[in-house]
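Taking the hints into account, I'd like the entire structure generated from these sequences.
Each chain, letter by letter, is given below.
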Amino acid sequence: MNPHKRSPFVIATAVLVYVFLYAPIVGLILYSFNASRANVTFEGFITQTSSRVVMDGSMVVSSPCGAFHWFCDLSKNDDVLEAAGNTLSIAFTATIIATIIGTMAALALQRYDFKIKPVSQLFLYIPIVIPEIVMGIGALTLFSQTFGWLNDVLHLTGDSRLSLGLATVTVSHIAFMVPFVTLVVQARLQGFDKSFEEAAMDLGANEWITFWRVTFPSILPGVLSGGLLAFTLSLDDFVITFFTNGPGSTTLPIYVYGLLRRIITPQVNALSTVWISIVFLAVLLLQWLQNREEKPKHE
Amino acid sequence: MLQRFRENKSWQGTFLALPTTIWLFVLLVIPLFLTLIISFGQRSPDGDVIFSFSLNNYTRLFGYSTDCPEGQASCFDPLYVNILWRSLTLAFNTTFIVILLAYPLAYFIARAAPKQRNMFLFMVLIPLWTNFVIRVYAWMMLLRKEGAINAVIGWVAHLLHIPFTPLEMLYTPSAVLVGMVYEFLPFMILPIYTSLEKIDNSLYEAAADLGANAVRTFLRVTLPLSMPGVVAGTILVFIPVMGTFIVSDILGGRQVILVGNLIQRQFLDARDPTFGSAASLILMVLTLIVTFFYTRKFGFGEEIVAA
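Residue numbers (the working numbering), protein chains in the order written: chain C, 235 to 533; chain X, 662 to 968.
Each computed SDA-like pair below joins lysine to any residue, with the alpha-carbon atoms no more than 25 Å apart:
| hint | chain 1 | residue 1 | chain 2 | residue 2 |
| --- | --- | --- | --- | --- |
| 1 | X | Lys670 | C | Phe426 |
| 2 | X | Lys776 | C | Ala248 |
| 3 | C | Lys351 | X | Trp684 |
The following residues of chain X were derived to be distant from chain C, with all beta-carbon distances above 10 Å:
| hint | residue |
| --- | --- |
| 4 | Glu731 |
| 5 | Gln733 |
| 6 | Cys736 |
| 7 | Thr826 |
| 8 | Leu880 |
| 9 | Arg881 |
Some but not every residue of chain C turned toward chain X, in silico, with C-beta under 7 Å:
| hint | residue |
| --- | --- |
| 10 | Ala339 |
| 11 | Leu341 |
| 12 | Ala342 |
| 13 | Val363 |
| 14 | Ile367 |
| 15 | Gly372 |
| 16 | Leu376 |
| 17 | Leu494 |
Derived from the structure by calculation, the hints contain no laboratory data. All of these numbers come straight from a predicted model, not from anything done at the bench. All residues carry an ideal CB built from backbone N, CA and C; glycine is no exception.
And the structure:
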């Protein structure tokens, strides 16, 4: 029996599901080249280039960037650039902290017995089984109540008043990211052969050296993929950010959501196209790294 | 002191787990308690919280109303019960459709040659990693009256000489359902794929040797062994669908209000955090009950890590 044989029914459904997955994305990309500023129907590409933008009603006739008019327009949008900067700085900070403390927790849960272990384990399950909105409004309540109280007690006024911002978003992101890092690293630790560590200890290495020279390098792929997962979760997050962000800490998903409730120009599509391209390259890079890692095993 | 720390395994474990435990305690456990306390409170005229112990928010959520016609003192107002029921049925429907769509695709990928398999998986990851809000926006463009779906149907109708008026698809319950299915489909494909991929090929051969046909092999071998993936996927789909408010906000307009929208509006527009807190606790309890019974029946698969 050929294990790779598939029935026509399975193939047909698979094709249809792929079409369903990709049709919206293709449409989105197409509209980012729309000549019509109103962006209601696709009115064709912008075909001419000129030194400045020429409009005919709501139609862009020619632009310095030609067909890529909306992408140039986007690069001049300060709000988008600020939101992109916020998104990245939150994601980087949160990923670094979540990866470090999440890996530590994974080591603790996998290797040690200690009093608060059941408690730690229970806490780590919370973000997986509770809807994000419940965490979001919980964090908002925590911040607004404590900040309100602190502002009163410390008599803070004006700019020194505590309020929602980059810090509250970052801190909340770490909370929902940590469990995912821990899960991924734990899975890696389960497959780890302890005899390597015993061999290192027999050869006279102390625990510290054994950890950094033997254990850590072998769980590093797990730590990296946990970190990468955390990073994408942070980039993608809407709900938690929505409730914990304040003035000046708008992220890209929040910015796009704001636009959807107003007039939508092809600029939003251009932004989406850039995002999808980055995702495409990132996934491609990840696949390539994984393939490189797996190769020696097969051959 | 340091010597004792190095020898005490229990201390080391506590030390390693402590940062995460404290972090989660402060940002998840304390907020949940705060939400509980506030849900018993009352709203002050300027939108602040007055701490008290009143069950008003909960009775209001389950239909008790004092704003009645014909001078009655109290009556049943189904508004919020309907919202809860709508969210539950939508979450069940979404999960069901997502399983139907995801299973054949996961099966297709799992049975593909190893070289192709990576590419097919790659094709699932792209939509998954594309931002949630952007994906809702894509459907908004497709479903609009002037959107691509109406354009395609109109074009076919024109070819067949059938009169066609563009359908109103946006801002309907179906639009929200389609959006939800689209958003969460990848979360079902990946865990089902992971559990299908683990099935040893020799099992299929054994089933064939014993005279089972394709359908029987599927029902008796493939399906039972892939159940952990379906269970993990269900948890990954059902819980977020229950709490999501963007899809219904953008694709449902003001027509389709779910618990998520209710909570969001209480915190931002209506400014009654006490009622919003009560609603979010009910949402949490509902999802926990469903997840509990579901996992008790089918077990909690480790496939949840795969996605």
